[in-house]
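Engineer: Take a look at the letters that make up each chain.
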Amino acid sequence: MKTQFRQTFGRAVKFGLIGGVVAIFLCLVGIVEIFGKRSLIEGLVSLGHIMLFLPLLATGYLTAKRASDQAQMGKTGLLLAGILSGLLSGGTLALFMLVGSLINIRAMFIHASPTLYDMLTFGRGMAAVWLIPLAGAILGAVGALFRLLPPRIQQPAMRGLLGILLVGLFAGLVRPLLIARPGWPEALGRYLFSETGLTQAGALIAFVVTSGVVVVWSSQGKTLQANISRWPRASRLALRWVFFGMAFVLALALPQFSGPFIAQVIVLISLNILMGLGLNITLGFAGLLDLGFVAFFAMGAYTVGLLTSYGEYGLAHLSFWAVIPIAIFVAFMVGAFLGLPVLGMRGDYLAIATLGFGEIVRLLAGSDFLGKWLGGPQGVIGIQKPCLGFLGPVLGVGFPRICHGWELSGPKEIYYLAVICAILVAFIATRLRDSRLGRAWMAIREDEDVAEALGVNLIQTKLLAYMLGASFAGLSGAIFGTLVGSIFASSMQLMVSINVVCLIIVGGMGSIPGVVVGAIALIGLPEAFREFSEYRFLFYGAALIAMMLAKPGGLWPSSIVQRELHLDEKTEPGPKNASTTSPSVK
Amino acid sequence: MRTTLTEKFGEVAVVVFLWGFRILVVSVVVIGTILTIRAGKYTGAQWMDFVIFGIARGSIYALIALGYTMVYGILRMINFAHGEIFMSGAFSGYFLANSMSQSGFLDKNPVLAILLAILLGMAFSTGIALLVERIAYRPLRKAPRLVPLISAIGASFFLQYTFRGFFGPGIYAYPNIKVLTGEWNIFGVGILKMQVVVAVAAFIMMAVLYILVMRTKIGKAMRAVSESKDVAALMGIDVDRIIVATFAVGAAMAGAAGVLYALMFRQVNFFMGFVPGVKAFTAAVLGGIGNVPGAMVGGIVLGIFESVGPALFLDGLGIPRPYQLQDAIAFTMLVLVLLFRPSGILGERLTTKKA
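The listed protein sequences correspond, in order, to chains A and B.
Using our numbering, you'd call the opening residue of the first sequence number 4 and step up by one each time.
Using our numbering, you'd call the opening residue of the second sequence number 919 and step up by one each time.
Misleading hints may appear alongside valid ones.
[As the list claims (entries may be wrong)] Not everything, but these chain B residues come out facing chain A in the computed CB check (under 10 angstroms):
(1) R940
(2) F998
(3) I1053
(4) L1232
[What the hints assert, rightly or not] Heads up, simulated DSSO-like pairs for lysine-lysine below, C-alpha to C-alpha not over 27 angstroms straight-line:
(5) K554(A) with K1060(B)
(6) K959(B) with K1111(B)
(7) K1147(B) with K1135(B)
(8) K959(B) with K375(A)
(9) K388(A) with K375(A)
(10) K68(A) with K554(A)
(11) K1147(B) with K1060(B)
(12) K1147(B) with K554(A)
(13) K1026(B) with K1111(B)
[As the list claims (entries may be wrong)] With beta-carbon atoms standing in for the labels, derived distance ranges:
(14) A130(A) with L1049(B): 28 to 36 angstroms
(15) P328(A) with T1099(B): 57 to 65 angstroms
(16) I941(B) with P328(A): 30 to 38 angstroms
(17) L1049(B) with E537(A): 20 to 28 angstroms
(18) P1057(B) with E537(A): 24 to 32 angstroms
(19) A1041(B) with R127(A): 35 to 43 angstroms
(20) T433(A) with Q964(B): 57 to 65 angstroms
(21) R1056(B) with R439(A): 40 to 48 angstroms
Just so you know, the hints here were simulated from the structure itself, not pulled from any lab data.
Glycine included, C-beta positions come from ideal geometry on N, C-alpha and C.
So that you can see chain B by itself, here it is in the shape it has in the complex (with noise of 0.2 angstroms):
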């Protein structure tokens, strides 16, 4: 085939160009980074503070996240409204745990009653996921790409605006659990409980559905599914009702994510779930999306880096004020791993008509 000395040119000055942008942004976060370290503002706690905090936010992402990316892989589709699911657990978590703590339950056993409060958000934020599963998406499973996701837009503002309907737009103070409140001390270190114990209990909650994806038998078919529809089909396995495992399992996991993050914030409100919701999805395709240890991976990524970002790269920078900046350096984090490798930390390079 002939190509044209101006296509030629064109190609030229692409390459030219997405090597410049890589280059500037590296060379922007290095710079910072020396600059940073040289002047030496932070001492090693805070530091270590930062890394500890992004752990645990980033930890809630992943647990968000990995509703995404199952369902992702197996409808290829984005759903938007997950981060609504995970809203709604917070919430019921809320009523939960403000009832607890008015009868003394709270203070009295509060192992127990962070339990059932995280039991009770992944109970309800499954029920909500299947609901919106049946309603919204079900009857559109043969549609084009583009209408699940405007339905699942649809889908999370009608989530958000039902909540604010029911409770009002007002904020809810989480109630206060007093073992752990305070700071562990950790090698000379000293490390907030909640943050630990946040973090722990979502790696357990991963370590649990890492076993249900890869050694069960409904694990096995969800896999299977996510392969290919109808070769699963072929195989016996009941592709609807795997789906609904799928959107359910997600769903738990947004809901135990709602509660985790609400203890560690300590506050509720109908409009909570955008933002997280947002930062998971980014985290999924950071890892890879439709890759299960990907979202995991992808969220502490992002986590550590949103926290730990703004100090590092761009307080040396002298940009004033560089928290401001924590989420765009979440997204442009995301940009650059799109541009250096385009199916994530984790992701296998997906076929063009998968993706």
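Looking at chain A on its own, in the form it has when it is part of the complex (with noise of 0.2 angstroms):
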């Protein structure tokens, strides 16, 4: 009894002190301030306080719940746990800001500004420095006492918090888009959402419906999805073929009514699930680790560049639809280039080598040297827009020409190329898959000599794995161009290739969905939260890590490689090693 006291508060003295320590962090990276002038529930909780009390209350919930786990404790103790580490989260925090206002720490960390001081007193200056570890404790037992609370209620509660937090974080991207269409919608979102975040109203319905949904779920979702299953196949087919009727419907209509931003924001994605698919044979199908993947982006987007443009660079003003061939051509073509010389390398080597590809083709294009051609820095402007009509006059490829029908000139039209795009190349990617090639690809991926032995062609396999991967790419690089209308040197950098690397990882090696999933999770989150741009490589990194710990088979893992770990864990008991049982690159 009396080591499990000593473990339970000793855990709570260690919780408290990482919560100060992360709250501190918060406050000094300047997330706190900033959120801060965006509220949750207006005229109750900014963002900031929730950052700010976010760590607090996890010291309390975590201690709570590790007591209650592994120590038999009674529910003082566990209430007394978290006030303890609440506490001292909250001391430790008061500590700092002591230290802040003796010294002048300004001069290091640019966000201990006064406005944070007086966001952290509530405003009521340095005396009121205590309110701090009284906040923390009652945070801590706040925290403790969720744990505390039955299962049937603490889920919902759960989750009806987090929807409030996710509505109000899209507060800023939904409400425009309702106040926008006059009537009921303009009403609805004056109800719900105020300038800066939800309404109390909002926030109370935003917290109904989710905790609603999730206690309907968890009751009736189970017995529905037996139901379903009971259902006869072809019942099933079509229930599946209704729910894709309306994705593709809703799909269509998107873009009229969300506006420019959100079509934009979808036409990264696709542009990203389209290089995510090509990286995905290369990476996730034949094991090979490419971190130069951009370079064939940069091939579709400069053939289109050079072939379409009226600039002072275009070569010819060929129409954007007889460029597409040829920009994915020239994809395919520099695949094999690039895949040739290191057709022998393996694992990391292979990697830096690509990488240095990469770099090699930004390097070039960028320079004076090749600037004759492709516009050195300042890229090639200019770029024509697809046109779904005539392009006039007709003869003569020399000079700009007029579209007579309907161009795609903006995100909202070019949206629907990139998405019909997308799927088109989804329904490529799986029926390669399932080819005699995508098994090649995969024994290659789990063995290569085993592979070779077993009558698999490497050179042509290896070869065809690079190219066809390199074209995929090289038709997103294409429709970047032309979205953006010019393409710069400097917009090829080393980090799109590592973004696409994590998407797949992210969604999932080799499993198709997952690149979807992985390509919003990772592109669409940060565009759609602009606002805080100066964090989202912060939050980005942090969820990096994070999803890593938590769930290295990516959010939807492949089926594939799923019942392959499971067969390794049926096979092989006793301690593993990375190298003999990883399923991935090796």
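Once you've looked at the hints, go ahead and assemble the two chains, each given alone in its own frame, into the complex.
Structural biologist: Right under this line is the structure:
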């Protein structure tokens, strides 16, 4: 009993200190201040306060959770442990503020501003610094109490609060859409959302709706699923088609009511899905880690730029539709060209060599050496938009031509092009995966030597993986070129390649729906939160780490990889060595 | 086994292509060099400058590369956040150097002050690296290979933007150290003092590290763990402790490199770790990844090629502003080394399972 007691409170102290350090970190990095400008619930609490309170709340909750999981403590004991950890978190924060008020740390930490101190003391000045430990203790107690709630209440309450947070975060996106439409949408928008966040009524509705859905689903969801699985096969298929149909209609109508910004975000997501599907072939299927994938994207973009631009560097003024196959072909051939030298390399040598290729392409494109043809740092500008209709005059390609028909002039129109291409390529990728070639790729991924012994032609198979992957990226680059209307070498950064690798891993290696989910999570979310753009990479980085710790298989792992992993677990008991059981790149 | 005609043809085509590629690059280098030397645009002193600058910068690359190569040797993992460890060392060194320069200490005792800045940079970098290892890498020891890589990329972003949040996106100028401005005249050639000091300091650090790895008990344990974790554990080595020690040593080198780099280029910025990080990783691969002397050689070779290359190879070919292609030379050289000698300059050939 005594050791349990000591353990619990020792852990409370540890968690409390960690929570305090995290809170100080959030303050100094500026998140608390900048999120303080956005209110979550009008007049009650700002996002900044949430950011500040979250670690304190979490310490209380985690302390209680660990204690109740591992030691049989009484309820008062848990509560006390929660209070202790919250108190310590708050105390650490208060200590930091006292230090901050004595020495001027602002010369170093630019965010240690008076606004921050004001926020931390709830606007009462440094004399009220004792409020923070008090608030910490209360929050710690709340966290611990939350843990003590029966799970039946705990889960819906948690989801409900999360619902408020999500709706509040997206308020900045949704509100303008609703307000822009007179009539009931405008009234609804004004009722639910305030200028900077949710109204109190809106928050209540968000909470009730989310927790209601959770309650209903947890009580009825299983029976519903069981019912559907008892349906005949034909009607289950029909249900699936109905869902697809609804999604299709929704997708078709989306840019019409969402406005150009969201359309642009979706185009970017689709372009990244295209690239992701391409890299999914090289990396996900064939297991060849390519960190220079942007090279192929650049090929597609520059091909479109040079062949359609009516700017200085345009070589011809072909129609966009005629250039797309050329762009794909160019990327395909460059895939072969860059793939051949690295055929013999494995693992990380391959990664770094491809990284080198990517950088060489970018540097060459931006240099004065090729500047005569590619525009150097000024880039290729004035790229023609795709035209549905006829490009007149028909004859002669040497001068700008005018589109008679429907010109896909902005993100709202290119949206359709990008989404259709993404769906098409996803279909092709699925068929490739299930083909003989796809199985050969996976054999190479699992073990090159065994695959070769079984009669897989390594050179041909690997090269095809490079070339097909490259051609998808080329298509993506082509659409990017026409979307932006200008191409600069500086947009072909290593970051692009890294992003694509990340989205594949986050989505789940070798999984095609995973690529879609990964692109939405890694490209869509950061784009949607542009107002916190200063911090998007901070969250991005933290999310990548958290994701790898929590779900290393990805958000939507491929069923094949999953099956193999489970087989591994059954056939190989005992400690595993990363290099022997790794299902991924060797 | 029967090979079909097309397969045979494919293999021949690949070989022809690869040799064509090699011959092309080598002939570009040779022709460029001959033309440049015949044109005589640069004097001997200028070439000397290029080389010294290359050695100074290369020795910094080498210091960073040591961290990459040691961690790779033990964990077979690209520590993508290493460039940010380097950056954090430079930042902490900056704040110390700045306060010392304001109090006048820097001008009175420049040697001590620089030493202090380097020590602080090393300590701070080590702290950050240990935190990163504890949070982002250790739980993933047994995960598939790409998982820690992504986690490392995440850590890299996180650190970059943490520093941006703490200190802002601006560029901080390192204080000027009066003793180290100007040139020393050696054999009639003027050499910037700063470059000499940086290179010498880096070489001393590398020598210390080499002795640590080759002569001490913990170095022996590191080498044992990098051979085989399981066997090392059977021999009574605490593998986790050795991994932590490896991260610490690598980070200390990177921290020192950060301060030296900042002394030489006189500015720090939250993004400064990225490019040197990539270059240093290139250097590590160039020398043979997992190989400690290899990282040193790779770094210096890379530094020299980068600084001499544009003038020597490209200028003669009539390429305008060859310095824009400095990084391209570094990466082309990397690809070439991997083509000619896939295991790096000093690397032993890794078995396929290891690579």
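Engineer: Checking against the hints above, which ones are violated?
Structural biologist: none
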